[in-house]
Amino acid sequence: MKALGYLLIVGGFLGGALTAVLETERVYWEIFLVAIVAGAAGVALVRLTTLRAAREAEALAANIQNIRQSLTRVVENITTLNREKESIHPYDFRHRIDELFPVDLTTFVEAREAIGHLYGLQAYADVMSIFASGERYLNRVWSASADGYIHECHTYLGKAREQFTAALDKLHELEPAAQA
Amino acid sequence: MTTAEISRERPIRTGSYPELTWQAVLVGYFLGAIITLSIGYASLILGFSIEGSELAAILGFGILRGIMRRTSIIENNINQTIASAVNGASAGMMFSVPALFILGQTEFNPVLMVFGCIAGGVLGIAFIIPLRKQMIDFERLAYPGGIAVAAILKSPGAGLHKAILLLGGAAVSAGVHSISQLTGFENWQLGNLIGMPQYMNGVWYISLLTIGVGFLAGKGGVYFIVGGYVCYWILAPLLAALGLLPTPQTLTEMATSMPSYLRLQLFRPVGIGMLIGGALTGIALALPLVVSAVRSMQMAAKTKTPLSQDEMPIRLLYIGISLATLLLLVIAYNSVAEMGLLRGVIMALLGTLWIWVAGVVLSECIGRTNWSPLSGMTLIAVTILIIISSGLGDKAAIISSVMVGAAACVAMAQATDLMLDLKTGYLVGAIPRRQQIGQFLGTWLGPILVMILIFVLHKAYTLGSDRLPAPQGTALASMISGILGGEVPVEKYVAGAGLGALLSASGIGGLGILVGLGFYLPFNIVLTYTIGTLLRLWSDWKKGKQWSEGVGVPVAAGLIVGEALVGVGFALYYVITGALGSA
Chain W
165 MKALGYLLIV GGFLGGALTA VLETERVYWE IFLVAIVAGA AGVALVRLTT LRAAREAEAL
225 AANIQNIRQS LTRVVENITT LNREKESIHP YDFRHRIDEL FPVDLTTFVE AREAIGHLYG
285 LQAYADVMSI FASGERYLNR VWSASADGYI HECHTYLGKA REQFTAALDK LHELEPAAQA
Chain Z
22 MTTAEISRER PIRTGSYPEL TWQAVLVGYF LGAIITLSIG YASLILGFSI EGSELAAILG
82 FGILRGIMRR TSIIENNINQ TIASAVNGAS AGMMFSVPAL FILGQTEFNP VLMVFGCIAG
142 GVLGIAFIIP LRKQMIDFER LAYPGGIAVA AILKSPGAGL HKAILLLGGA AVSAGVHSIS
202 QLTGFENWQL GNLIGMPQYM NGVWYISLLT IGVGFLAGKG GVYFIVGGYV CYWILAPLLA
262 ALGLLPTPQT LTEMATSMPS YLRLQLFRPV GIGMLIGGAL TGIALALPLV VSAVRSMQMA
322 AKTKTPLSQD EMPIRLLYIG ISLATLLLLV IAYNSVAEMG LLRGVIMALL GTLWIWVAGV
382 VLSECIGRTN WSPLSGMTLI AVTILIIISS GLGDKAAIIS SVMVGAAACV AMAQATDLML
442 DLKTGYLVGA IPRRQQIGQF LGTWLGPILV MILIFVLHKA YTLGSDRLPA PQGTALASMI
502 SGILGGEVPV EKYVAGAGLG ALLSASGIGG LGILVGLGFY LPFNIVLTYT IGTLLRLWSD
562 WKKGKQWSEG VGVPVAAGLI VGEALVGVGF ALYYVITGAL GSA
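Top line first, the protein sequences correspond to chains W and Z. Just so you know, we're using the numbering used here here: the first sequence kicks off at 165 and counts up by one. Just so you know, we're using the numbering used here here: the second sequence kicks off at 22 and counts up by one.
Bound-form chain W, shown alone:
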């Protein structure tokens, strides 16, 4: 069904584009509209099947698990880093950040759309807003570490931890709501 949908979109688009460029002055509207309607039918098919597939328990479960696991690891790592911050040389924070976070942050970002499919767009916006603040604060720790500003590293490490923890809490809050 999805392949048929894409076929209709591609066919509709190419047909529409061709009728739009056949002449410099005019467009063959009758053929153009047929092409657009075919494309629109394809869009409807693709969106329906995508939504159905995205809501399929297995695919969603895998993505949500990736999201939860990666964010949990981020929270664990930043909590540890925050706890040990007094013993870490300010110039070394950035090396620790480069070692500990990129893989999990990337995994979270790549699977993030599952939040929207499962809990809705508002929930997606809420989680991503908090997560992005955490990531931005972590980037600030990296910059402050490169410049040797010890207090800034400590302050924003704490702030980043708060944000990532809040994002994880928000995810946990969403689970019972979705089940209900």
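Incorrect hints may appear among the rest.
Said to hold, decoys possible - Simulated restraints, written as ranges between beta carbons of each label pair: (1) W:Glu220 x Z:Gly565: 27 to 33 Å; (2) W:Glu194 x Z:Arg316: 20 to 26 Å; (3) Z:Val243 x W:Ala217: 38 to 44 Å; (4) W:Ala217 x Z:Ser281: 17 to 23 Å.
Claimed, not checked - With the C-beta cut set under 7 Å, the calculated list includes, among others, these residues of chain W facing chain Z: (5) Ile195; (6) Val198; (7) Asp311.
The set of hints was computed from the structure by calculation and includes no laboratory data. Beta carbons: idealized from backbone N, C-alpha and C, even for Gly.
Starting from the structure of chain W, add chain Z where the hints point.
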């Protein structure tokens, strides 16, 4: 000695981390003025403008770190934000204002024009700020130029290996671009060499910057290149098979080439429509996220949590939008004596609405591909404004529409520049509110400088002359003449909008905009961009994403920086030789 040991010998600093400081503001103004005048002058000769962020970041390095002994990545980020905000006016005004001189309509009020451009700049910034969360936090658009600037800013702490990769990429790119500039070898006619038909347009743009941009955009750029291939490798051969392409003799009579005919007469108008239809559909689909972002700003203003301090108060943005719209109304009303209040109000309101729509279109485009169809959006703005002002007479219609159009053009340039800088800021951990204040602080200076530059250069060399061809202004002038003569491809725009809407509704983020951009841009850029896209797909697949991030991204950022710097170097060369009167 290990990296860790080297680090331990460096001073540990206490106290707050410098960010929005007076040093950053003043250096931003200084660098912004130099970059604006250089790039503004160069654009009158070369026909395109250069984004000033990379240059400002590197020069800021030299001044802030080297001379003033400042030590903050995010302070340099503010400096670069302000400098590129000043330069935003050169991109916006050099495309539009010279058209008035070329059309011989110099009896406009330059002070009013400057205020109009400042109002436009404020509107562009105020409208795009609430979309930061949606585009950067939620959609996570790539903004390749923003990544390149972040790589420069972070280079003191990124380690020797990454710095070498960045500098290596910059050196190779600078070398290639220098050779290209000195020899005039800017395009490689591979299509001709292998006997490809002219309509398939096998010309490669010699630009490592374009490859770097394609690499940084990654998967996001695939649909953009698809748009170009659809035009020249599917639609053009179909038109040829149907016998619908002009003969060589007709092309000679039209004084154009096959690729130019295809692009300007057929594909570009449809592409412009696709950009608008695609963007508007994208906005409609993302409305819940946009509303959520605005609501989050409103909540932040009420709750006053530490996190809310990161965002610009939404009430301030509402006030800014209201005042700037009012100023635009005053300017539209006073632009020509024949205007009248009702027409002035309609022009100002439609100009404001267009600033918002086009700001979103351009920010999406630059976020996904690093290319901004500013000229196409300005063309639409001027077309709408001329239609409103028709009946006033050609002279009044041209002056009033270019005046409000210039304001819209500066607004669009400011919106895209801010989004690029905010992406950089995200990557270095800057506070968005401070960057946004920096952008507002830089908005007023550019229009003043550019207006003075335009008048001085016109008096010295005459805009539109062989010495100062002003290609963008000339193009807009000829389009204005065409619009006044009734040659507006409205049907193509409408059909394009339908196609863009269809693709954007498909569920693939920004598809209508990306494919539309492929229709809009010259195919030589698309071909070269393909190399960057394929390299990124290959490196992610074969070498892994960590390698792409750790090795590929610094090299790609270097490719962008090297070519941009050489471009500015040539601009400076033109400024100096122009001042000496020897060019």
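- Task: Evaluate the given range 20 to 26 Å for the C-beta pair formed by glutamate 194 of chain W and arginine 316 of chain Z.
- Result: 44 Å, violated
- Task: Have a go at the aspartate 311 of chain W hint: is there a Cβ in chain Z nearer than 7 Å to its own Cβ?
- Result: 5 Å, holds
- Between alanine 217 of chain W and serine 281 of chain Z, does the beta-carbon spacing fit 17 to 23 Å? Hint violated: Cβ distance 44 Å, outside 17 to 23 Å.
- Query: Quick one: are glutamate 220 of chain W and glycine 565 of chain Z within 27 to 33 Å, going by C-beta?
  - Reply: 29 Å, holds
- Does valine 198 of chain W pass the interface hint, meaning its C-beta sits closer than 7 Å to a C-beta of chain Z? 12 Å, violated
- Proposed interface contact between isoleucine 195 of chain W and chain Z, which counts if any beta carbon pair is under 7 Å: 11 Å, violated
- Query: Does the Cβ pair valine 243 of chain Z, alanine 217 of chain W satisfy 38 to 44 Å?
  - Reply: Violated, at about 21 Å.
The structure fails to meet hints 2, 3, 4, 5 and 6 from the earlier list, while all remaining hints are met.
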